[in-house]
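Model the placement of chain C on the given structure of chain D, informed by the hints.
Protein chains in written order, with my numbering: chain D, 1 to 115; chain C, 1 to 114.
Don't read these hints as lab results, they were simulated from the structure. The C-beta atom is built at its ideal place from N, Cα and C for all residues, glycine as well. Do not rely on the hints blindly, as some may be mistaken.
[Unchecked claim] A short list of chain D residues far from chain C (calculated; beta carbon distances all over 10 Å):
#1 Thr7
#2 Glu14
#3 Leu21
#4 Arg22
#5 Ser27
#6 His29
#7 Ala31
#8 Gly42
#9 Asp63
#10 Phe65
#11 Pro70
#12 Ser73
#13 Gln80
#14 Gly85
#15 Leu91
#16 Pro108
[As the list claims (entries may be wrong)] Below are the DSS-like pairs computed for lysine-lysine, each with C-alpha atoms no more than 27 Å apart in a straight line:
#17 C:Lys68 / C:Lys52
#18 C:Lys109 / D:Lys11
#19 C:Lys68 / C:Lys56
#20 C:Lys109 / C:Lys56
#21 D:Lys78 / D:Lys11
#22 D:Lys78 / C:Lys101
[Stated by the list, open to error] Taking beta-carbon pairs under 7 Å as the criterion, some of the chain D residues facing chain C (in silico):
#23 Ser5
#24 Tyr18
#25 Ser38
#26 Glu103
#27 Gly107
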Amino acid sequence: GAGVSQTPSNKVTEKGKYVELRCDPISGHTALYWYRQSLGQGPEFLIYFQGTGAADDSGLPNDRFFAVRPEGSVSTLKIQRTERGDSAVYLCASSPEVAGRNEQFFGPGTRLTVL
Amino acid sequence: GNSVTQMEGPVTLSEEAFLTINCTYTATGYPSLFWYVQYPGEGLQLLLKATKADDKGSNKGFEATYRKETTSFHLEKGSVQVSDSAVYFCALSPNSGGYQKVTFGTGTKLQVIP
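Here chain D stands alone, though its shape is the one from the complex (with noise of 0.2 Å):
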């Protein structure tokens, strides 16, 4: 079936722009995760989401990131006034949460570049 999509694979925008990554997660998943991997680094947690709501948003690093899911579906991870540190790859993740089957399916990912 489908894995975990990301949209677009790749963004470039200038310092100070508002932007949107999209992620499509595994259908019937109910738990989603943001991840933000720099250069060299381990992906670091952002924000969790179980159903339509945010359960654990204390990886987001400052209130220019929003992330919201609606339907409990898609979801999309919105950063405000965009800054060079903020260029990063951002991964997103689905689960489907049940008992003995919390494995996290990755997507591959969305670049981002901040000029």
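Using the frame of chain D, we list chain C on its own:
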């Protein structure tokens, strides 16, 4: 807080060589431990996991044993192949069930040459 430390790469091995990638962790309680792999041009994939002390995770010839006494989860494979070339991430989650807020290491790049 939780953290994962893994050996720096890149690691270059000849085909059929023995592989060890060291990983140690810091966490309270009894975390679940993982190895993820990222093949060139692909997304992260779970390679193996262990959810309690002394458990051994295994997959595709790779193994790792959860050692609580040394807080380690070293990845091993007896005979690597060119197709194993990838970046390997050690990771942990504070709990074994439900929601998993995964903390990753920095990754170790493995290159296997024929």
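- Check each numbered hint against the structure and report the violated ones by number, ascending. 7, 8, 15, 16, 23, 24 and 25
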